[in-house]
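Trainee: Residue 31 in full-length UniProt numbering sits at position 31 of the sequence shown, with consecutive numbering throughout.
The hints are simulated quantities; they were obtained by calculation from the structure and are not laboratory data.
Heads up, the beta-carbon is just placed ideally off N, CA and C, and yes, glycines get one too.
It cannot be assumed that every hint is accurate.
Said to hold, decoys possible - Distance ranges between label pairs, derived from CB positions:
#	residue 1	residue 2	range
1	Pro39	Glu119	20 to 26 Å
2	Ser125	Pro29	24 to 30 Å
3	Pro29	Glu139	29 to 35 Å
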Amino acid sequence: MTPSTGPEGYASAHGSPSADAGSLLPTGPTLTLASHRGPRHAVVAVEGPIDYHTAPQLLGHLTTKEMQHVPLLILDLTGVDFCDSSALGAFVDIHRRRSDAGRRFALTGLQSEVRRILELTQLTSVLPVHATVKDVLSEG
1 MTPSTGPEGY ASAHGSPSAD AGSLLPTGPT LTLASHRGPR HAVVAVEGPI DYHTAPQLLG
61 HLTTKEMQHV PLLILDLTGV DFCDSSALGA FVDIHRRRSD AGRRFALTGL QSEVRRILEL
121 TQLTSVLPVH ATVKDVLSEG
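Could you build all of it, start to finish, from the sequences and the hints given here?
Mentor: Listed below in C-alpha coordinates is the structure:
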(Lines of atoms letter the chains of each structure in order from A; the text may use other names.)
(Lines give C-alpha, C1' and ligand atoms only; values in the text may rest on other atoms or scores of the structure.)
Protein backbone atom coordinates (compact mmCIF):
# COMPACT_ATOMS: atom_id res chain seq x y z
CA MET A 1 0.00 0.00 0.00
CA THR A 2 1.20 3.51 -0.60
CA PRO A 3 1.74 5.77 2.37
CA SER A 4 -0.52 8.76 2.74
CA THR A 5 0.63 12.13 3.93
CA GLY A 6 0.44 12.57 7.68
CA PRO A 7 1.71 15.30 10.02
CA GLU A 8 4.51 17.51 8.76
CA GLY A 9 7.58 15.46 7.82
CA TYR A 10 5.91 12.07 8.20
CA ALA A 11 4.09 9.54 6.09
CA SER A 12 1.39 7.42 7.64
CA ALA A 13 1.80 3.67 7.06
CA HIS A 14 -1.86 2.72 6.59
CA GLY A 15 -2.46 -0.84 5.48
CA SER A 16 1.07 -2.06 6.11
CA PRO A 17 1.05 -5.53 7.68
CA SER A 18 4.04 -4.65 9.88
CA ALA A 19 2.67 -1.37 11.21
CA ASP A 20 -0.42 -0.28 13.05
CA ALA A 21 -2.73 1.86 10.93
CA GLY A 22 -2.02 4.87 13.12
CA SER A 23 1.77 4.58 13.31
CA LEU A 24 3.96 7.22 11.74
CA LEU A 25 7.17 6.60 9.82
CA PRO A 26 9.70 9.44 9.52
CA THR A 27 10.33 10.71 6.02
CA GLY A 28 12.56 13.52 7.22
CA PRO A 29 15.86 14.81 5.95
CA THR A 30 18.60 12.60 4.65
CA LEU A 31 22.33 12.80 5.17
CA THR A 32 24.97 12.07 2.54
CA LEU A 33 28.41 10.99 3.73
CA ALA A 34 31.43 10.74 1.44
CA SER A 35 34.70 9.39 2.86
CA HIS A 36 38.22 9.83 1.56
CA ARG A 37 41.24 8.13 3.15
CA GLY A 38 44.78 9.39 3.17
CA PRO A 39 47.82 7.60 4.61
CA ARG A 40 47.22 8.89 8.16
CA HIS A 41 43.85 10.61 7.96
CA ALA A 42 40.27 10.29 6.79
CA VAL A 43 37.98 13.06 5.61
CA VAL A 44 34.22 12.59 5.87
CA ALA A 45 32.29 15.19 3.87
CA VAL A 46 28.74 15.63 5.16
CA GLU A 47 25.84 16.92 3.07
CA GLY A 48 22.47 17.73 4.66
CA PRO A 49 21.14 18.65 8.09
CA ILE A 50 22.48 16.88 11.17
CA ASP A 51 19.59 16.45 13.59
CA TYR A 52 17.69 13.91 15.67
CA HIS A 53 16.94 11.84 12.56
CA THR A 54 20.38 11.91 10.94
CA ALA A 55 22.86 12.10 13.86
CA PRO A 56 22.69 8.31 14.48
CA GLN A 57 23.69 7.71 10.84
CA LEU A 58 26.66 10.07 11.26
CA LEU A 59 27.72 8.43 14.54
CA GLY A 60 27.41 4.98 13.01
CA HIS A 61 29.67 5.94 10.13
CA LEU A 62 32.27 7.67 12.32
CA THR A 63 32.51 4.74 14.74
CA THR A 64 33.15 1.97 12.20
CA LYS A 65 36.38 0.02 12.71
CA GLU A 66 37.83 1.65 9.61
CA MET A 67 37.26 5.13 11.03
CA GLN A 68 38.20 4.24 14.62
CA HIS A 69 41.77 3.36 13.75
CA VAL A 70 42.71 6.30 11.54
CA PRO A 71 44.99 8.72 13.46
CA LEU A 72 43.18 11.87 12.27
CA LEU A 73 39.48 12.08 11.44
CA ILE A 74 38.31 15.28 9.74
CA LEU A 75 34.61 16.05 9.50
CA ASP A 76 34.02 18.46 6.61
CA LEU A 77 30.73 20.27 7.30
CA THR A 78 30.77 22.48 4.20
CA GLY A 79 27.49 20.88 3.06
CA VAL A 80 25.74 21.26 6.44
CA ASP A 81 23.60 24.35 6.99
CA PHE A 82 21.68 23.11 10.04
CA CYS A 83 22.45 21.12 13.17
CA ASP A 84 20.62 20.63 16.43
CA SER A 85 21.61 19.37 19.88
CA SER A 86 21.81 15.81 18.53
CA ALA A 87 24.60 16.92 16.21
CA LEU A 88 26.42 18.70 19.01
CA GLY A 89 26.17 15.57 21.13
CA ALA A 90 27.55 13.48 18.26
CA PHE A 91 30.50 15.86 17.77
CA VAL A 92 31.36 15.79 21.49
CA ASP A 93 30.95 11.99 21.65
CA ILE A 94 33.28 11.40 18.70
CA HIS A 95 35.82 13.91 20.05
CA ARG A 96 35.78 12.19 23.47
CA ARG A 97 36.11 8.68 22.04
CA ARG A 98 38.98 9.68 19.77
CA SER A 99 40.77 11.65 22.52
CA ASP A 100 40.47 8.69 24.89
CA ALA A 101 42.05 6.47 22.20
CA GLY A 102 44.88 8.95 21.51
CA ARG A 103 43.48 9.91 18.12
CA ARG A 104 42.60 13.31 16.69
CA PHE A 105 39.32 14.78 15.46
CA ALA A 106 38.64 18.09 13.71
CA LEU A 107 35.69 19.96 12.23
CA THR A 108 36.07 22.04 9.07
CA GLY A 109 33.95 24.08 6.69
CA LEU A 110 31.46 25.43 9.22
CA GLN A 111 28.59 27.35 7.64
CA SER A 112 27.51 30.50 9.51
CA GLU A 113 24.51 28.92 11.28
CA VAL A 114 26.50 25.88 12.42
CA ARG A 115 29.39 28.08 13.59
CA ARG A 116 26.94 30.30 15.51
CA ILE A 117 25.49 27.30 17.35
CA LEU A 118 28.96 25.98 18.23
CA GLU A 119 29.98 29.43 19.48
CA LEU A 120 26.78 29.93 21.53
CA THR A 121 27.34 26.59 23.24
CA GLN A 122 31.07 27.36 23.65
CA LEU A 123 31.96 24.14 21.85
CA THR A 124 34.47 26.02 19.69
CA SER A 125 36.68 26.06 22.80
CA VAL A 126 36.36 22.26 23.17
CA LEU A 127 36.27 20.94 19.61
CA PRO A 128 39.12 21.56 17.15
CA VAL A 129 37.62 23.80 14.44
CA HIS A 130 39.48 24.79 11.26
CA ALA A 131 38.44 26.70 8.17
CA THR A 132 39.47 24.00 5.67
CA VAL A 133 40.69 20.42 5.45
CA LYS A 134 43.98 21.77 4.10
CA ASP A 135 44.42 23.84 7.28
CA VAL A 136 44.08 20.73 9.46
CA LEU A 137 46.48 18.70 7.34
CA SER A 138 49.10 21.48 7.29
CA GLU A 139 48.99 21.54 11.10
CA GLY A 140 50.40 18.02 11.12
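Trainee: All the hints need checking, so say for each whether the structure fits it.
Mentor: Verification of the hints:
1. Pro39 <-> Glu119: 20 to 26 Å: For Glu119 against Pro39, whose Cβ atoms are near 33 Å apart, the range 20 to 26 Å is violated.
2. Ser125 <-> Pro29: 24 to 30 Å: Between Ser125 and Pro29, where Cβ atoms are some 29 Å apart, the hint holds.
3. Pro29 <-> Glu139: 29 to 35 Å: Holds - the Cβ-Cβ distance for Pro29 and Glu139, about 32 Å, lies within 29 to 35 Å.
Consistency note: the structure conflicts with earlier hint 1 alone.
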